[in-house]
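Trainee: Chain residues, written in single-letter form:
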Amino acid sequence: MTANFTLFLIAVFLGACYWGWNWPYIAKLMPVYVAAIPGLILALIQLYRDATGWESRQGEQDSGNEMDEVHDVTLDKRTELRRTISFFAWFIGGAVGVWLLGIDYAMPLLIFLYMIVEGKEKPVPTLVLTTFTYALVWGLFEYTLEMRWPSGLLFR
Amino acid sequence: MEISLVDAAIRGFLNLLHLKVFLAMLAGVSIGTFTAVAPQGLGMPLVYAIMLPIVIRWEPVTGIALLIGASSVSAICAAYLPVLFGIPGGSGSQATVLDGYPMGQRGEARRALGASFMAGGMGSIIGTLTLACAIPVAKPLIYLMGSPELFVIVLWGLSMVAVLAGRRPIKGMIAAAFGLLLATAGQQAQSGIMRFVFDEPYLLDGISISIIALALFGIPAALDLALKRLGVEQQPAPLKGKLYDGVIDTLREWWLVVRCSFIGVWVGIVPGIGSQVVDWLAYGHAAQSCKDRENFGRGDVRGVIAPECANDAKDGGDLVTTLLLGFPQGVVTALFIVALLGWGFLPGPEMIKKNADIIYSVVWIQGISGITGTLIGFVLAGQLAKLAQVRYSIMVPVIFIFVLMGAFSVTRDEADLITVVAFGILGYFMRLFGYPRPAMILGLVLGDLMERYLYRSMASYGFTWLARPGVIFLLILAATSFFFAVRSRVRSNARTMTTSTPVATS
Amino acid sequence: MKFQQFKANRVSLALGGILLITLFPGFGWAQNNFYAGKTVTLVATTAPGGTGDLRVKAMLPFLKKHIPGNPTVVIEYMDGGGGRKGANHIYNSARPDGLTIGAASGAIIGLAILGEKGVSYNVDKFVYLGSPESENHYVIYSRKELGLNDLKKLQATPGIRIGAQSVGHVSYVAGRLFAYFLNMKDPKFIAGYSSREADVALVNGELDARANNAASVLRRNSDWFEKGLMNFHSIMEVPLGDKHPRLGHLPEIGAFAKTKKEKDLIAMWRAFRGVGSPYILPPGTPKDKVEILEEAMRKTFRDPEFAPYFKKLIGDDASPMGAAELRKVIAEMPRDAEVIDFLKEFSGAAPLPAR
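Residue numbers (this note's numbering), protein chains in the order written: chain A, 15 to 170; chain B, 7 to 512; chain C, 1051 to 1405.
Hints were generated in silico from the structure; no laboratory data involved. Be aware that a few hints might be false.
Computed footprint of chain B on chain A; a stretch qualifies when at least three of its residues, placed anywhere within it, have a C-beta under 8 Å from a C-beta of chain B [unchecked claim]: (1) 25-32; (2) 44-55; (3) 58-64; (4) 92-99; (5) 131-140.
Residues of chain B clear of chain C, computed beta-carbon distances all greater than 12 Å [stated by the list, open to error]: (6) 19; (7) 63; (8) 240; (9) 247; (10) 254; (11) 262; (12) 268; (13) 295; (14) 418.
We treat Cβ as the ideally placed atom computed from N, Cα and C, and that holds for glycine.
Construct the entire structure; sequences and hints are all you get.
Mentor: Here it is, written out as structure tokens:
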């Protein structure tokens, strides 16, 4: 799986080289020569490491800190996959909701549905937070500051 | 009428001794605190644009108190979102998430917030003192740095990838290269060539760094909560520690505060570097220079102190160029100049000569607001820290709201939604497969600057810019800093190899 | 004239009035009350919170005051593509019901006429209400240390480094036009500076010259002019004939045009700059609503509080242009393909055309 992500990055760097190759030097210097080509070389090295399990062999021998959060969830794979997919479904659903309904309606609806359906929260705190969300999105921006959000596709 | 600077400082203080001014400052501080915790759609530029038509009719000092009160506090209180929700704060408070959020997850939210407010307050005071002292000497400082010097400094900043990559140097460099590549999307200023635009008007101005940072950090943080079902299946770490612990941490790290504050002041003074860089530069410097840095990126309080004090000190630096030269450093200072013009002041050398007392009123307001904001932060933080304990079923949709609203408010285009989803997914995979996201963000924020400064240097000077004394001096500094970082890593590697290799006995 | 005839005859006047209301129900009572209780949306082609936003906000209270019925006026931000996104929306998506007004940037006119990508509107079909700004003089100046205190020295000095924001930006094109018409020798155009960075670069010697909006230069750096820290060489008057109070003595760029093509080029560029920040309605907006809004704009511009408020908020003087005048400017804009191609040579990064 790690190798798949590295392959994705390789594809991005290759794509950058391809699209940028015919640009004049001034436009090509940074994206192709400074970013894409060195990135591609490094990604190929990393691909080799991923394919040969280099990192698991190195283990604790490599010093330095983890400068970013480490994925340390200890669920069984199936549950983790199911919850991850569910999470992104809600997130993408929220984004689609903004596109279709407009942010005024989508945000309160998102919070309401997530809390009730996914979180199985009680109705009262759900409604309180939903109302607060609507007050923030519509009340603060549209009503108080008179700044209109764009309408959703269904309301245009 | 010209008066001595000491008289101006005294008069500037006396200007504040009116109830109206004090109330305006309080109102500004409240507004600033609110915007710090509100979704990014309500940032300080928008607040200024809304307040300007109102304050322009007020007495100048009263209006200044409101505007400066709001902007000085907004930066101090910006740590709430990174510490409690894992969402990068506004421009200048993104790096705080790297250590602030893990601290919050460990139950040390109060300590993290206490450290951030104390650091912010100290940074604000250092920035204000610099502003006060810079009045006679600011001009030569500002004009000292040209494109060649700025290029070397940005290059030095990029070398911090070596630090931000941590124990994954190859992946870190790949992430940085990816960030550099993303930074080139859009119409290139120097040539007009459309790079990676694919005939999409949305991409003409490139991809928004705010959206990328929000999605890259906010979504994986929310996912973590959802996976663990925090508050339901897995209980959050109990709240421990006090705000006071964070205060003590900051006082103990006073030398780090001073160094990072000066980084912030300098970023504020020099035109062009931008506020999106200041926290990363300070964080990278801290991670590079501090001893016992194994916990950076995993909840080291110094990883909160460094970016927060730099971000707040930067406001003082911004005001140096704004007031003393009339050069705005960003949208907020540009709007502040508009307000000053509306009140009949001309920022720059004329203002120093004729209205030095007003300049000092700004200095005093900046300092007093910083202290007030810090105190308000302490008052609120105790209760707000409990938000880190809230269960996932409430936190996750709240984070969704912040991320989606913050992203959509950038250009209010549907493509913002596609961007935020795409980078949210990318952030997940980067974290899953160990590609350091800070390195990518560093490449993203510095990439455009690096390209512009290099181009401008070559276009103006040819290769002769390499022989400029400032460039040589900065190159030596940058090389030294990089050398020590690499040497430290090599030694650390050698130590690890020694301790892990069984000692042969014979 | 007809009304003057009826003035003495009040019965005839009353009968005439009844006839008018019967034939044209949009007038009279209905006219004054259409906007009462409604919300007018100002679609701003600028980002919220910037100085462009302030320019729109400067109009807001006056529109609220002068549109009969005092409707609520809200702003919807649609920045992107140099104004194209908002203009496309007004043209294609906004309902032509008089409740949506576009507060556009002047760039949308030039972008359309130059045939740039991403334009899906026709500038001749918008309904124009006017613009709060129409004066837009540009000047070129160089650092005093170069000693270029007359045109001959300017023309004799090779390799002058002229700074600008980005290729295609107004200041970039203006700089190239000045360089061409003033016959500067092998000028070098260096883009990638923000406005404030360019000022600093000029002072510390990284740049030699710059073209910029006259009001902007004098507002930010009045000592450059007053103390002679910069040498000012030429001005582009927008509109032509409108003398700048302090820089009006500079030679006008049009005086250097030799051929008809060159004169048309300057006329086209002047026209692009001269539209200011036009307020527009979607095509097909009913005439009665157009007249109400045009009148509201006229009253706004004539409101004695408007000019001082605009100046206070923006820092520049208002120089309003009414609907008819704006329509005239746009209708009379040169559209020759040859001139358009010629102008495009100045907005790109290729070397200047030979003269």
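Trainee: It remains to establish, for every hint, whether it holds in the given structure.
Mentor: Structure-based check of all given hints:
1. 25-32: Our answer is that it holds, as 3 residues pass the Cβ test (under 8 Å) against chain B, meeting three.
2. 44-55: That given contact holds, which follows from 7 residues of the stretch 44-55 of chain A lying within Cβ reach (below 8 Å) of chain B.
3. 58-64: Holds: 3 residues of the stretch 58-64 of chain A have a Cβ under 8 Å from chain B.
4. 92-99: Since 3 is at least three, the answer is holds.
5. 131-140: As far as the stretch 131-140 of chain A goes, the hint holds, because 5 residues have Cβ atoms under 8 Å from chain B.
6. 19: Since the minimum Cβ distance to chain C is about 27 Å, residue 19 (chain B) lies beyond 12 Å and the statement holds.
7. 63: Contrary to the label, residue 63 (chain B) does not stay out of reach of chain C, its closest Cβ about 8 Å off (not over 12 Å).
8. 240: Residue 240 (chain B) clear of chain C: closest Cβ-Cβ about 40 Å, beyond 12 Å.
9. 247: With a cut-off of 12 Å, residue 247 (chain B) remains clear of chain C, as the shortest Cβ separation is near 37 Å.
10. 254: Correct as stated: the minimum Cβ-Cβ distance to chain C is 38 Å, above 12 Å.
11. 262: Consistent with the label, residue 262 (chain B) stays out of reach of chain C, its closest Cβ about 30 Å off (over 12 Å).
12. 268: holds (21 Å)
13. 295: Since the minimum Cβ distance to chain C is about 29 Å, residue 295 (chain B) lies beyond 12 Å and the statement holds.
14. 418: violated (6 Å)
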